[in-house]
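Now for the letters of each chain:
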Amino acid sequence: MTTTGHSSIWFFIGILLTVYGAMIFCYGLYELATGHLANVVLANLHASVWWGGGMLILGLFYGIRFRPGRNG
Amino acid sequence: MYEIVPTGGMSIPQIDAHSLLALATSPLARLGALDIAVIVIYFAMVIWIGFYLKGQANTSEEFFMAGREMTAWIAGLSFVSANLGSLELMGWAGSAYQYGILAAHWYWIGAIPAMLFLGMVMMPFYYVCKTHSVPGYLKLRYGQGASVVSAISFAFMTVLMSGVNMFAMAEVMKVVLGWDLNFSIIVSSLAVAAYVALGGLRSAIFNEVLQFMLIWGGALLVPIIGMVETGGWSGFKARLAQNIASGATAQGDYTHMWRSMGHFTDNPMGIHWTGIVFGLGFAISFGYWTTDFLVVQRVLAAHNLRAARMAPVIGSFFKMAVPFIVILPGLLGLVVLQNPNGTLMHLVPQNLATEGSGLHSYNEVLPLMMVRYMAPGLLGLGITALIAGFMSGMAGNVSAFSAVWTYDIYQPLIKKNASDEHLVTIGRWATILGVVVSIGTAYMVMSAAGIMDYVQALFSFFISPLLGVVLVGMFWRRATKAGGFWGLLLGTLTSVGLWAWVKADPHALRYVALSPDAKDMAENMYRALWSVIVAMGVNFGVSLATEPKPAAELEGLVYGATKIPEEEPVPIYKNEWFWTAVAIVMFCALNVYFW
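Chains Y and H are the protein sequences, given in the same order.
If you count the first sequence from 1, position 33 lands on 33 in our numbering, and the numbers rise without skipping.
If you count the second sequence from 1, position 475 lands on 475 in our numbering, and the numbers rise without skipping.
By construction, these hints were calculated from the structure, which means they are not laboratory data.
Since this is a predicted model, take the numbers as computed values, not measurements.
Each residue gets a CB set at the ideal place from its N, CA and C atoms; glycine is no exception.
Just to be clear, a hint being listed does not mean it is correct.
Said to hold, decoys possible - Computed beta-carbon distance windows for the label pairs:
1. Trp501/H to Asn39/Y: 16 to 22 Å
2. Gly54/Y to Pro340/H: 31 to 37 Å
3. Ile244/H to Ala43/Y: 25 to 31 Å
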């Protein structure tokens, strides 16, 4: 929803997902690069990379698609 | 031991916060800097949204009803999110570990039919009469008496429940993270007070949608990795069967929902299918999802009737999916959780998980699963999901309290000619008052845990009788003011009486639930059912003996006396009836698949 002249909730969600996604994705890349895996089960799946990356892409989509000033 | 019933009697997992506290010597999870950053950013975001929306909450319609501008998606997600508290997440995951997939009944038959009924059948009446609240509908239909009884009971119990949840959540945070109780209570309640008082219902709804996304983002990873570890659903069932055969897991049918419902003794919950279908599926579920203003308020904020009808339908799809982030992790915990020495971990009831025992309780299954799979950052996201769940529930409580207090108590009883601006001011103060009373309740419960039992039972007393009165009033023109008032009163007294009877003499459960084999959970269902029956029966009887309202006064309130506005034709993929049919098919398919 975009209330007239104001930012949509989807924009806020986009911002938050982008920030979280970037943080988690970067941590995942750090793990990949250094080989220092967190002490969790199935750490070799590198969930931080694909989950964080997914959040980042979704966040960017929402942030851009529903940015202020654009109808949506 | 007390029961968490944070959603008007919808959820009944047991979390004994005081027993949990006894375990709090070493937290389950240790957060790193990245996790803390995730949590801090979340708090900054919700406060930012509150300030951002402050300028859009200037009139009462904007403050209490979000300007009635919400799309179906936003109203629908908010509708589900207001109910998706973190205690439900943890409690039902624990119930799934304990009872198996039976716990999913609370998400499927205990929600979906009622949500669809609200959207397709009841919403037009709520929406067309332009009521601001459910007590407001009662006032239009039955007059001031029933409305005031309903408004006062709702307002009072809403803030008390909010406090009970606040306390329980603070204790959960202490156990999971080692956080100080006062810190959790004060920080979370200040954040909720700030963004609801600033931005009103719009801010609450925006944050609920945000929290909904976070809950999914934070919790969905657990079942995904869990299913990878077990080799999918069939792999999980094979491992579970192996554990049961070897005696490592207690005997029981953990993966079927209806097969063991033929008799009270056939399932660990001690429930019969009639209790599930009529008690949970009708009396409790319909009472909560169609008459509890906490959730109905979200749908009333929709921008037109079609959106108001679509919102619960959209919500129903997400509600159907919630078991995948709640029930499934609980089930997976049965086969994947291990002790440090590699043996299968056995979670236990909370009274056994005492300090020094080294044991974990059922209710810790979700945090344990998070700790098992989630690396830094992701763990912070999971914990944020729990905090977000708590805050969305609390925001729902205080925003609903604020509206009911202002419109249904303050305006009719204290200041009839209040200006619109004055009502907004009262609403902001009511929000803060609601939070303050909640905090007071939290500390009261901290000093006397027994109060919690009573507060939670009290809330459940009002919901089912209210359903009986609203349904009769909405679908029977002959229902009268006296019928509504006495139906509500005697229905409530029935509920209170049955509760007190079983409390005083636990053997009375055999009469309430119609079986000597019934267990505690059955009591809630049958008590709700009896109170609906009494409320409806009294309403019918008294109405027939008293003077009905003139037909002209029923316009917009009653089936048969209301012209539902014609809606523009839309493509089938935007049609609410189409999506209702899809939801019904999916609901049936899930029940058949897990029969």
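Structure-based check of all given hints:
For the hinted restraint 16 to 22 Å between Trp501/H and Asn39/Y, the CB-CB distance of approximately 53 Å leaves it violated. Checked against the hint of 31 to 37 Å, the C-beta distance between Gly54/Y and Pro340/H comes to roughly 32 Å, which is consistent with it. Taking the beta carbon of each, Ile244/H and Ala43/Y are about 30 Å apart, inside 25 to 31 Å as hinted.
In this structure, only the earlier hint numbered 1 is contradicted, and the remaining ones agree with it.
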